[in-house]
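J.: Listed here are the chains, written in short residue letters.
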Amino acid sequence: MTELPQPPPNRRRAHTRTRDLERYAGLFAERTGVMRSSAMRDLMAITARPEVISLAGGLPDTSTFPPKSFAAQMTRIAQESVAEALQYGPTEGFEETVDCILQVMGAEGMLPDPQDVIVTTGGQQAIDLVCKTLVDPGDVVICEAPTYPGAVPVFCSYQADVLQVECDEEGMRIEDLEAVFAQLDAEGRRPKFVYSVPTFQNPAGVTMSLPRRQRLVELARSREMLVIEDNPYGLLRFGGEPLPPLYQLDGGDFVIYIGTFSKILSPGIRIGWAVAPPPVMEKVVLGKQAADLCTSTLTQYFVREYFAEGRWREYVGSLAEIYRKRRDAMVAALREFFPAGATWTEPEGGLFIWATLPAFIDTGDLLARALRDDVAFVPGQAAYVDERGRNSMRLNFSGVDEDEIHEGIRRIGKVVAEQMELYGSLTGEHLAVDPGTPQRPPEDENVVPFRKAAEGGE
Amino acid sequence: VKVAVLKGGKSLERNVSLRSGARVEDALARLGHDAVALDVGTDLVERLLAEEPEVAFVAMHGRGGEDGTVQELLEILGIPFTGPGIAACALCTDKALAKHALRGAGVPTPAWFAFNQTAFRELGAGDALGGLEQRLGFPLVVKPSHGGSALGVKFAASPSEVPAALVAAFSYDDRVLLERFVDGRELAVSVLGSEALPVVEAIPAGGDRYDFEARYEIGRTQFVCPAEITEPERSAVTEAALGAYRALGCSGFARVDLILGSDGPQVLEVNAIPGLTDTSLLPQAAEAAGLSFEDLVERILELALAPSGASA
Chain A
1 MTELPQPPPN RRRAHTRTRD LERYAGLFAE RTGVMRSSAM RDLMAITARP
51 EVISLAGGLP DTSTFPPKSF AAQMTRIAQE SVAEALQYGP TEGFEETVDC
101 ILQVMGAEGM LPDPQDVIVT TGGQQAIDLV CKTLVDPGDV VICEAPTYPG
151 AVPVFCSYQA DVLQVECDEE GMRIEDLEAV FAQLDAEGRR PKFVYSVPTF
201 QNPAGVTMSL PRRQRLVELA RSREMLVIED NPYGLLRFGG EPLPPLYQLD
251 GGDFVIYIGT FSKILSPGIR IGWAVAPPPV MEKVVLGKQA ADLCTSTLTQ
301 YFVREYFAEG RWREYVGSLA EIYRKRRDAM VAALREFFPA GATWTEPEGG
351 LFIWATLPAF IDTGDLLARA LRDDVAFVPG QAAYVDERGR NSMRLNFSGV
401 DEDEIHEGIR RIGKVVAEQM ELYGSLTGEH LAVDPGTPQR PPEDENVVPF
451 RKAAEGGE
Chain B
1 VKVAVLKGGK SLERNVSLRS GARVEDALAR LGHDAVALDV GTDLVERLLA
51 EEPEVAFVAM HGRGGEDGTV QELLEILGIP FTGPGIAACA LCTDKALAKH
101 ALRGAGVPTP AWFAFNQTAF RELGAGDALG GLEQRLGFPL VVKPSHGGSA
151 LGVKFAASPS EVPAALVAAF SYDDRVLLER FVDGRELAVS VLGSEALPVV
201 EAIPAGGDRY DFEARYEIGR TQFVCPAEIT EPERSAVTEA ALGAYRALGC
251 SGFARVDLIL GSDGPQVLEV NAIPGLTDTS LLPQAAEAAG LSFEDLVERI
301 LELALAPSGA SA
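Just so you know, the sequences run in chain order A and B.
Counting from 1, one number per residue, gives the positions in the first sequence under this note's numbering.
Counting from 1, one number per residue, gives the positions in the second sequence under this note's numbering.
Beta-carbon label-pair distances, calculated as ranges:
no.	chain 1	residue 1	chain 2	residue 2	range
1	B	Gly41	A	Thr427	33 to 43 Å
2	B	Glu46	A	Leu59	24 to 34 Å
3	A	Phe28	B	Glu122	47 to 57 Å
4	B	Gly249	A	Phe28	39 to 49 Å
5	A	Ala78	B	Glu46	34 to 44 Å
Because the hints were derived from the structure by calculation, they are not lab data.
Here the structure is a predicted model, which is why all the values come from computation and not from measurement.
Quick reminder that beta carbons are idealized off the backbone N, C-alpha and C, glycines included.
Based on the sequences and whatever the hints tell you, model everything.
T.: Given below as structure tokens:
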């Protein structure tokens with residue numbers, strides 16, 4: 001009855017045994033010890049269920065990109081440049097892509113030397129390459145509190161000692177930054193760089209004021225320290241007056257600039273860039289070569305064709321208009337459904353609102369509860385390297401439409417009210433809100449500490 | 001044998017379940033079985049009827065998969081399944097009920113009080129909290145009655161930390177436990193059929209508590225199997241584990257988590273469907289007993305297909 005052993009139907013490796021695991025663990029680099037997967041990541045996996053209204057993503061709306069236009073661009077590539085578009089390209093990226101980048105930066109008043117630009121696989125790779133170039137284990141890196149959640153794992157994987165400086169409604173508190181510098185000076189340590197998203201910050205939604213921008217640039221210059229300006233959202237402004245990017249104020253001596261097409265065109269094409277002074281750029285290029293040789297040529301061709309149509313600003317304008325409506329819908333829903341004691345930012349652009357709840361609410365646990373009601377957000381903890389932020393959350397308004405925003409915020413408001421009521425019944429404090437009763441506390445009480453001037457500007 | 005591997009589902013432990021399931025499918029394929037993977041959703045019954053598996057391997061954790069829900073469905077459809085039966089699953093999953101059953105059977109478990117949300121909301125249980133805290137002492141552990149993988153488990157070092165811990169635990173479940181914190185070594189005893197496998201000790205790296213993150217990440221927790229404990233300790237731990245397994249009516253397999261404190265072992269909980277991922281404890285214990293993962297999967301299938309009662 002012996003049959004010949006059948007080959008397994010798939011080619012997955014044989015399972016890992018405990019001993020193998022230990023052997024692998026013994027081989028892991030020290031930096032993997034600080035590379036964290038997390039319960040949060042597992043929770044976030046559930047947010048992908050179709051019935052979940054996800055305010056958790058950072059997704060731009062790609063549904064309004066005209067299919068005809070996409071088809072025409074890809075057809076032109078097929079007809080005219082198929083061999084090149086399928087070939088490797090230069091590590092620095094194509095000159096034509098850099099031309100498009102110069103247009104985008106020009107739209108915000110920046111005029112970098114094309115030689116200083118490298119095309120990267122998304123802005124995320126630019127962060128990684130800059131860290132690869134600058135950060136040794138134990139080096140001090142300073143960022144905002146809260147900071148871009150996606151930057152935290154990058155800093156951690158280079159074993160940086162990450163210090164976070166609080167933000168308020170005018171962005172990073174530069175006087176606090178100076179205090180951190182003084183402290184570091186006393187310890188004989190020198191930070192490698194300050195990482196900032198000065199405009200429509202992810203996750204806080206706040207924008208650094210002009211005096212603070214000027215002061216930050218001055219500090220960088222006087223201390224001969226680098227500032228990494230990450231600016232994915234600058235052109236997505238729908239209120240207030242544009243402010244000059246740090247790069248423009250500094251002229252590119254001590255500010256390394258990171259940009260991306262993700263939010264103004266498509267995150268799927270994975271094209272971003274970095275602008276850095278030549279000595280830094282030289283190392284960044286070597287790092288890029290080691291990482292992936294070059295950025296996708298095919299999608300660089302797409303960018304070139306798309307920009308050749310000359311309507312990119314119009315499209316960005318239409319996105320900003322969509323996001324303005326969604327921001328308005330979210331703010332209105334927050335006023336209607338979030339209980340007194342909750343605060344939030346009211347950004348003039350970008351994709352995110354940052355809401356803060358009473359201190360006893362842990363938004364990681366709240367997310368588990370919210371998922372039972374099919375709604376998701378990013379718990380604030382993701383934006384900190386320490387224990388801060390546990391009672392805050394990032395809410396995205398770009399990825400879903402107004403009705404879903406309204407319903408999503410209603411559901412979150414309901415579970416927040418439920419937890420406040422419960423806490424009140426446990427402590428005797430009267431935080432309780434009647435569920436279902438719209439709360440309309442005075443705006444001034446509500447919109448701290450990140451309050452930006454009322455819509456429409458300063 | 002045609003085996004439906006049930007995995008995924010909607011629970012918070014969905015990802016862990018997908019990893020357990022994938023590993024089981026692999027093993028089944030290598031064993032020459034016909035494995036059909038089913039990510040559990042609204043079409044489950046339809047797919048089971050279409051596939052007509054001879055047995056279902058339930059590789060689900062948490063709500064829906066580990067609490068008897070899927071098991072009830074499988075029973076109605078007449079499909080034998082791996083792991084404990086409906087009642088045992090339901091009991092293991094509700095930590096409060098499980099602890100009553102343990103205490104009733106004389107199995108040591110840390111002192112506790114359990115509440116549902118209504119008690120606090122409508123019956124003013126908050127007023128009784130102070131007295132209860134005193135009886136349990138600090139620090140104490142607050143945890144959801146349902147749920148696994150340490151999600152929502154909080155330590156409260158003082159009375160002022162209790163309300164927020166309760167709010168967090170209620171995020172996962174309508175019922176929560178306040179439990180006396182027992183300091184000691186963290187041990188797990190997996191039971192296969194009616195036999196205890198070697199004891200595993202979990203030693204979190206860097207002195208972290210054995211939390212969700214450590215559980216599923218290679219290299220963050222050091223596991224020692226068999227645990228380095230004395231023979232009398234081993235026998236006390238194994239006896240407590242088997243006592244718990246029986247008290248909750250488990251069959252097939254289960255994993256009993258214990259703390260070995262200065263007063264001997266205390267059973268914290270019984271997992272009806274323990275993880276089967278690369279870093280899970282049941283596979284490690286099986287390996288220490290000389291069973292490869294394939295052997296383990298084969299044995300679990302045999303137990304599921306054995307005539308009722310034969311597995312005891």
